[in-house]
Structures are given as C-alpha cells and as structure tokens.
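Those sequence lines, one after another, are chains A and B. 23 is the number that the numbering used here gives to position 23 of the first sequence; each next residue is one higher, with no gaps. 68 is the number that the numbering used here gives to position 68 of the second sequence; each next residue is one higher, with no gaps.
Because the hints were derived from the structure by calculation, they are not lab data. Any given hint could turn out to be false.
[What the hints assert, rightly or not] Derived pair list, reagent style DSS-like, types lysine-lysine, alpha-carbon separation capped at 25 Å:
1) A:K83 with A:K313
2) A:K313 with A:K230
3) A:K235 with A:K162
4) B:K10 with A:K162
5) B:K233 with B:K262
6) B:K3 with A:K153
7) A:K153 with B:K10
8) B:K233 with B:K258
9) B:K260 with B:K233
Note that the coordinates shown come from a computational prediction; the quantities given were computed from them, not determined experimentally.
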Amino acid sequence: MLDNALRGGKSYWVLLAVWGVLIAIGLVAYSQQLTQGLTITGMSQDVSWGLYISQFTFLVGVAASAVMVVLPYYLHNYKAFGKMVILGECLAVSAVLMCMLFIFVDMGQPTRVMNVVLHPTLNSMMFWDFVSLTGYLLLNLVIGAVTFDAERKGAPPPTWVKPLIYLSIPWAVSIHTVTAFLYSGLEARTFWMTAILAPRFLASAFASGPSLLILLALILRTFTRFDAGKEAIQKLALIVTYAMVINVFFVLMELFTGLYSDMPHHMEPFRYLFLGLQHDGHQYAGLVGWMWVCELLSVICVVLLLIPKVRAKDGLLAVLCVGVIAAIWIEKGMAMVVTGFIPSPLGRVTEYTPTPPEIAITLGVYAVGFLVLTVLYRIVLNVRERLEVTTEVT
Amino acid sequence: MNKDRRSFLKQAGTTALGVGCGFSILGTGCSSQHGSHGGEISEHQLAMIIDVELCNEDVRRACWEACHNTHNVPFIPDPEKTDPEQGNPHDIDPREGIRWIWEENHENVFPDQVHAAARAALQENPLPTLVLCNHCTSPSCTRVCPTKATWKRESDGIVMMDMHRCIGCRYCMVACPYGARSFNWRDPRQRDPETGELLYFADNELPSATFPARSKGVVEKCNFCADQLRFGKQPSCVVAAEEVVPGALTFGRHGDQKIKDKLKTNRTICRRISLGTGPNVFYIV
Numbered sequence: 001m002l003d004n005a006l007r008g009g010k011s012y013w014v015l016l017a018v019w020g021v022l023i024a025i026g027l028v029a030y031s032q033q034l035t036q037g038l039t040i041t042g043m044s045q046d047v048s049w050g051l052y053i054s055q056f057t058f059l060v061g062v063a064a065s066a067v068m069v070v071l072p073y074y075l076h077n078y079k080a081f082g083k084m085v086i087l088g089e090c091l092a093v094s095a096v097l098m099c100m101l102f103i104f105v106d107m108g109q110p111t112r113v114m115n116v117v118l119h120p121t122l123n124s125m126m127f128w129d130f131v132s133l134t135g136y137l138l139l140n141l142v143i144g145a146v147t148f149d150a151e152r153k154g155a156p157p158p159t160w161v162k163p164l165i166y167l168s169i170p171w172a173v174s175i176h177t178v179t180a181f182l183y184s185g186l187e188a189r190t191f192w193m194t195a196i197l198a199p200r201f202l203a204s205a206f207a208s209g210p211s212l213l214i215l216l217a218l219i220l221r222t223f224t225r226f227d228a229g230k231e232a233i234q235k236l237a238l239i240v241t242y243a244m245v246i247n248v249f250f251v252l253m254e255l256f257t258g259l260y261s262d263m264p265h266h267m268e269p270f271r272y273l274f275l276g277l278q279h280d281g282h283q284y285a286g287l288v289g290w291m292w293v294c295e296l297l298s299v300i301c302v303v304l305l306l307i308p309k310v311r312a313k314d315g316l317l318a319v320l321c322v323g324v325i326a327a328i329w330i331e332k333g334m335a336m337v338v339t340g341f342i343p344s345p346l347g348r349v350t351e352y353t354p355t356p357p358e359i360a361i362t363l364g365v366y367a368v369g370f371l372v373l374t375v376l377y378r379i380v381l382n383v384r385e386r387l388e389v390t391t392e393v394t
Numbered sequence: 001m002n003k004d005r006r007s008f009l010k011q012a013g014t015t016a017l018g019v020g021c022g023f024s025i026l027g028t029g030c031s032s033q034h035g036s037h038g039g040e041i042s043e044h045q046l047a048m049i050i051d052v053e054l055c056n057e058d059v060r061r062a063c064w065e066a067c068h069n070t071h072n073v074p075f076i077p078d079p080e081k082t083d084p085e086q087g088n089p090h091d092i093d094p095r096e097g098i099r100w101i102w103e104e105n106h107e108n109v110f111p112d113q114v115h116a117a118a119r120a121a122l123q124e125n126p127l128p129t130l131v132l133c134n135h136c137t138s139p140s141c142t143r144v145c146p147t148k149a150t151w152k153r154e155s156d157g158i159v160m161m162d163m164h165r166c167i168g169c170r171y172c173m174v175a176c177p178y179g180a181r182s183f184n185w186r187d188p189r190q191r192d193p194e195t196g197e198l199l200y201f202a203d204n205e206l207p208s209a210t211f212p213a214r215s216k217g218v219v220e221k222c223n224f225c226a227d228q229l230r231f232g233k234q235p236s237c238v239v240a241a242e243e244v245v246p247g248a249l250t251f252g253r254h255g256d257q258k259i260k261d262k263l264k265t266n267r268t269i270c271r272r273i274s275l276g277t278g279p280n281v282f283y284i285v
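With the hints as extra help, turn the sequences into a complete structure.
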C-alpha cells in the first residue's frame, strides 16, 4: 500500500518539491539555531515561549478535531462521513507530527529529549502532553492504516481495531485538554489561569480543524477525482458553525470576567491585547490591530455561517473557512502564548516579534507536516481510485 | 507491497514501541527519589532574610559580584547601551542576560503591593533591593519540570538545578512567579572568533575553577550556594554582604535561633505570597 506514495502525476511531485524547498530552508535555519543557540529567535527573559510553542498549541487543536469526524461515523454510524474519516485521520497524523516537531525545535538541548522518557515526572503536565501526543499519533497511525487497508481489500476491519477507535475519541479530547493544562495550572500567569481555557481550546479546535478539513476536501474535489461528498462537507460546516458560536461566547465570557473585575492582573492582559498598555512611559500595542481583526473576522464568519444558504455554497464556505482558520490562528497562534507573559513577574512589559530564522524554522516544520499530508493523501487517492476502477469493471 | 516487507515493518514498529514503553517503565522504577515537590515547612528549610534598609548599593553590588564570580555566571552586556561596562550589573542585557542575584526597584519586587499613588514618587526614588530565587516551600518550577532536572532537596529545602539533565524547555521559567530563572540563550563560554578570548567573562578566564560553567540551552538560577554549604561555608552573597554592612543578609534554617529571632522581632513580607508558593526569602521593609 505504501508504494502508492511513489505513484503520482507531475503536480504531485512539484508539490513535494515545494515542501522540500521549505524544509531545506528550515533545516539551514535550524542548524544555525543548533550552533548559536536560541539567541537567534525573538524570545527573551520575559517572553520565554514564542512562535514555536504557539504553533504547537494551534496545531494540537487541529489534531484533536479529527474526533469530530470519527465520533459521528463510528459511534453513531453516520455513513455520510465514510470518505471523510480517512482524510481526518491523515490530517490528525500530520498535525500531531508538526506539534511534536515544534516542541523539539523549541528545546535548548534537543539531544536530551529522551530524558522525558528516562525520567518520567508524573506531576508535570509537559510529561503527560508528551505521553498523550505520542499515544494519539500511534493510535491514528494504527487505526488509519488498518481500517484503510481493510477497505482496500474489500473486507471489514479486524475487530481489535474497534476498541482502539473508541479509545481515540476521549484521547483526542485529552490531548488538547492536557495542552490547556500546561497553561491553566500556573499561578504565575493570571491570563492563562482560567478554568475556561481547556473548553476554549476545544471549541476553537473544533472550529478550526474541521474548517481545514473542509478546505482540503474541496481542494481534493477540485484537483482530483476524490469527492468526500456534499453531505459530509455540509455536516462539517454545521459543526464549524456551532463550534465557532461557542468559541465567540467563551471569548466574551473571558472579557467580562477580566474587565468587570477591574483587577489589574486580570485586566492588564486584555487591555494590552485590545487597547494597548501604557507602562513605564511607553505604549505597548503590538497586538491591538491583530486582535480587532481576529474578533471582527470571528463575528463576521459566525454570522454568515449561521445562514444556511451561505453555508450551502461551496465557494462562500471555502472563504469563510479560511476566515475561521485565520481568526483562530491569530487567537491561539499569535495572541494567547505571548500575552501570558504580559506583565512579567517583575511587573514589566516586553513585547515579542519572531525573527526571520525563527519564521524559517516554523515554515520548515509546517512544510514537513504538509509533505506528510500530501504523501498520505496520495496513497488514499491511489487506493481509492483503483477500488473504484475494479468496482466499475466488475 | 509484498508480505515480507510489510511484516518486517510491522515487527520493527512493534519492537520499537515495546522498547520505548519499556524505557519509560524502567525509568519510573529506577529514577532516584529526588523528592521533586515540597509542601510542608520543616525546621531544616533554609531561608534568607534581607534587611532592605541595610542593603545599600555597596551591599547589593558586593552580593552580585561574589555570587556571579563563585558560579561562573557570564556577563552578557546590553546591546542597547553604547558602552556597557563589563562588571556593571546595570549594564546586563535584560533580554538574554543571566542573573542569579540582582537588584530590582521596589515596585518590581512587590508589584502587588504598590499603590498607584505611590508610583509617581517611586519613579523619582525607586528604592531598589535584592532579588533572588526564593527556594519556595511549594515551588511551581519543580512541579512543572518534565525531567526532574530541578527538584527540591529534602535535607535543606534548596531548589536544586541539574544542568546536565535540563532539556531547555523553559517551562520552569514560565511557571516561576518571580522571574528568578535565566536561560542560556547563547553559549556562555563563547569565544571571540578573532582573538579567541572569552566574550562574557572579564580577563579571558572563568572566575571560579571549582564550579562548572554551563552550556547553551539550559536554565540556571541561584542555588543557595549548595556548593559552598557542602564545605560548611556560608553563601557567597551572605559572606560578601556581611563585610560591607553586617546584618544586611541573614541566612540559616527555619529551626535556627537567629532566623526565628529575626522573624519574631521584625515585620517581614514576601513576594507574591498570595500565590501559595511559600517563598523562603523574607524582606524586612
């Protein structure tokens, strides 16, 4: 089955080459980071986590969102998701791989990564994150390979894979909950220390992940013969809509508690995000523009998605999905991590801008993920096409 | 895909998985009991009492120098300053500098204690004092470290750092409510490519031959001079401060009479005490 990865047309190989170039540039930048240290990034004493960890946070959400396809199909026999499920599982594998790579490139001593395995620390959420991500990767690889292989042979999947599928459902929720726990248990960082962080993460994950899946399904339908089905895409669009509604509601809840309480520690991060913070004679407003774009985009997308006629048009749906992904990417991939460091424990404000090498490494990791996704989808497409041909012939 | 290749891959994958899990299980069993996380105040817990009035600029400077020399802490100059002076603590790079003990202004040491009305006055007269790792009774840093590279020593409550196990994830820095930890963003022992001289140490040599210098990519912080206590000596900062102004810094266990007396006869406060970390550095304000 895996040799299908080598059977592709010219556009397939061109796409792989594009990812390859980005990966190569990323590797050059990463070698720079390995020799010079993390000084080449924009991180500093006050902002000790930046672009790498924020991308990891965003992508864990995308990985977890596979559950939104698996749950209806396997638990409730929602047959319309039949062709969508494998797409979701491949996306989950690709996303988790990117997550793990982002953590790896963020480490100051990456050669010591096995210390996490050699010295398991049960009170550390980072240890549990490692466990849950590895487990989820393995689960999705096994489930995806076994079920798809069974389909290729035209036989039902082996019975032992069913419990694994059921396990993957709470496991998907757990990977993003544990990631939220990385942040929400820290008494040092009041912006993150909110019980609603895990629910917010999940809501935004279930909006951004299925949006990406819709876009991928539409791209596949346009450029190949693979059609996930109108009903499947529409159902996903409905899931995105409701998840986005809940996400916007959660954001409003956070804003209320932060601003109505008037407590400096609670208020200042939101002030910094939406109005800018006046501190020490400076005005710090680096994220204000982004945040207003994010919230406006969220509201516009949610309102439009709620209209069934808009949702039904694939062109408009695609645009709105891009909008949803952009809004949540700004929220999680830009704003959330950095704002936790403002103000710093010593009451200072330090802003953060990623440097070019940092961005190059980030793009390189994304390219690895998309390379894996392209290869996996190629395999799926090839096998499916051959199945269709054989069923036509018979 | 032919059967042999496929079954080989399956077997290889399962073996790798088994070995990986085996390591973990072995690790949980074998990893030494560092006692990663604290909770109760014992008589053995070491503490420091800083008399803010007595800690004048000379004391603060002496502490900083003594500590950083004892532990080969690199001096990373502030690139924003046109002519940073090697050995001037005010010229340390705020972004990438390493500091184990240093001075901060009152409103930065106690940000939750400063009234808005006092802020303007503090701009004119900042009232700096010393800050360092608080060696908390219930530290957040040890709770989050995924490899137990930092842990609370049971014998005396020092929050220790194993700079060989640290993977440089900086989670401890994120969790510390006091900004007490520094990360080696660059190689502290970097040499000038032309002259071959150490860039971050004066006179091209490490000030201490008995304490290891670090590599890039690890976190470090004050260790209450565990390396000095081993030989029955007092922490370098305490020794240095005593020579400048006696009584500026008091160091001992909670069970020691001098600590008990000072805590009994003086009004002391701690940094961000409402967070529940139980800091063991007390300030007589």
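Evaluation of the provided hints:
1. For the suggested pair K83 (chain A) and K313 (chain A), the alpha carbons sit about 20 Å apart, so the restraint of at most 25 Å is met.
2. For the hint linking K313 (chain A) to K230 (chain A), the alpha-carbon distance of about 10 Å falls within 25 Å, and the restraint holds.
3. At roughly 24 Å between alpha-carbon atoms, K235 (chain A) and K162 (chain A) fall within 25 Å of each other, so this suggested pair holds.
4. A C-alpha spacing of about 19 Å is found between K10 (chain B) and K162 (chain A), which places the hinted pair at or below 25 Å, so the restraint holds.
5. Between the alpha carbons of K233 (chain B) and K262 (chain B) the distance comes to roughly 21 Å, so the proposed pair stays at or under 25 Å and holds.
6. Annotation: proposed proximity of K3 (chain B) to K153 (chain A) holds, straight-line Cα distance about 14 Å (limit 25 Å).
7. Restraint check for K153 (chain A) and K10 (chain B): the C-alpha separation of about 18 Å stays at or below 25 Å, so the hint holds.
8. With a C-alpha separation of about 17 Å, the suggested pairing of K233 (chain B) with K258 (chain B) holds against the 25 Å cut-off.
9. This hinted pair checks out: K260 (chain B) and K233 (chain B) have alpha carbons roughly 21 Å apart, not beyond 25 Å.
This entry satisfies every hint, going by the numbered hints stated previously.
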